[in-house]
Amino acid sequence: MSDLDGRTREHGGEIHHKNHSTHIHTLRETYGKHFAPGYDDHTTLGELLEKEKFESLSQYVKHHGHHEA
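The numbering used here numbers the first residue of the sequence shown as 833 and each following residue consecutively.
Just so you know, these hints were derived from the structure itself, not from any lab. Being a predicted model, the structure only gives us computed values, none of them experimental. Treat the hints with caution; some may be incorrect.
To be verified - Pairs of lysine-lysine residues, derived as DSS-like cross-links and limited to a Cα-Cα distance of at most 25 angstroms, are as follows:
#, residue 1, residue 2
1, Lys850, Lys883
2, Lys885, Lys850
3, Lys850, Lys865
4, Lys885, Lys865
5, Lys865, Lys894
6, Lys883, Lys865
7, Lys894, Lys883
Start from the sequences and build out the full structure, keeping to the hints where you can.
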(Lines of atoms letter the chains of each structure in order from A and count residues from 1; the text may use other names and numbers.)
(Lines give C-alpha, C1' and ligand atoms only; values in the text may rest on other atoms or scores of the structure.)
Protein backbone atom coordinates (compact mmCIF):
# COMPACT_ATOMS: atom_id res chain seq x y z
CA MET A 1 0.00 0.00 0.00
CA SER A 2 1.31 3.53 -0.79
CA ASP A 3 0.79 6.77 1.08
CA LEU A 4 0.66 10.27 -0.44
CA ASP A 5 3.74 11.44 1.43
CA GLY A 6 6.05 9.09 -0.45
CA ARG A 7 6.11 6.25 2.04
CA THR A 8 5.17 2.66 1.38
CA ARG A 9 3.74 0.33 4.02
CA GLU A 10 4.96 -3.23 3.62
CA HIS A 11 2.71 -6.20 4.43
CA GLY A 12 4.27 -6.40 7.91
CA GLY A 13 3.27 -2.80 8.61
CA GLU A 14 6.78 -1.35 8.26
CA ILE A 15 6.96 2.00 6.46
CA HIS A 16 9.70 2.79 3.91
CA HIS A 17 10.31 6.22 2.37
CA LYS A 18 10.55 6.43 -1.41
CA ASN A 19 14.21 6.57 -2.33
CA HIS A 20 15.58 9.31 -4.58
CA SER A 21 16.81 6.52 -6.87
CA THR A 22 13.22 5.34 -7.51
CA HIS A 23 12.50 5.57 -11.23
CA ILE A 24 9.59 7.55 -12.68
CA HIS A 25 8.15 4.38 -14.25
CA THR A 26 7.76 2.92 -10.74
CA LEU A 27 6.00 6.07 -9.52
CA ARG A 28 3.69 5.96 -12.55
CA GLU A 29 2.49 2.56 -11.35
CA THR A 30 1.21 4.35 -8.23
CA TYR A 31 0.22 7.79 -9.54
CA GLY A 32 -0.82 6.95 -13.10
CA LYS A 33 0.67 7.24 -16.57
CA HIS A 34 0.45 11.05 -16.55
CA PHE A 35 2.76 11.43 -13.55
CA ALA A 36 5.78 13.66 -14.33
CA PRO A 37 4.88 14.50 -17.95
CA GLY A 38 7.89 15.11 -20.14
CA TYR A 39 10.17 12.91 -18.05
CA ASP A 40 11.61 9.63 -19.27
CA ASP A 41 10.65 6.44 -17.41
CA HIS A 42 14.27 6.03 -16.29
CA THR A 43 14.56 9.49 -14.73
CA THR A 44 14.97 9.14 -10.98
CA LEU A 45 12.85 10.79 -8.32
CA GLY A 46 15.94 12.70 -7.20
CA GLU A 47 16.48 14.11 -10.70
CA LEU A 48 12.82 15.08 -10.99
CA LEU A 49 12.79 16.84 -7.61
CA GLU A 50 16.03 18.70 -8.38
CA LYS A 51 14.82 19.93 -11.79
CA GLU A 52 11.36 20.86 -10.48
CA LYS A 53 12.75 22.49 -7.29
CA PHE A 54 10.85 20.35 -4.79
CA GLU A 55 12.27 18.81 -1.62
CA SER A 56 10.02 15.74 -1.51
CA LEU A 57 7.68 13.54 -3.50
CA SER A 58 4.88 14.72 -1.24
CA GLN A 59 5.45 18.36 -2.24
CA TYR A 60 5.57 17.47 -5.94
CA VAL A 61 2.40 15.36 -5.75
CA LYS A 62 0.47 18.03 -3.82
CA HIS A 63 1.59 20.80 -6.20
CA HIS A 64 0.69 18.86 -9.34
CA GLY A 65 -2.52 17.33 -7.99
CA HIS A 66 -1.57 13.70 -8.60
CA HIS A 67 -3.56 11.01 -6.84
CA GLU A 68 -2.90 7.32 -6.52
CA ALA A 69 -4.21 5.48 -9.58
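Give me the numbers of the hints this structure contradicts, sorted from smallest to largest. Hint check: nothing fails, all pass.
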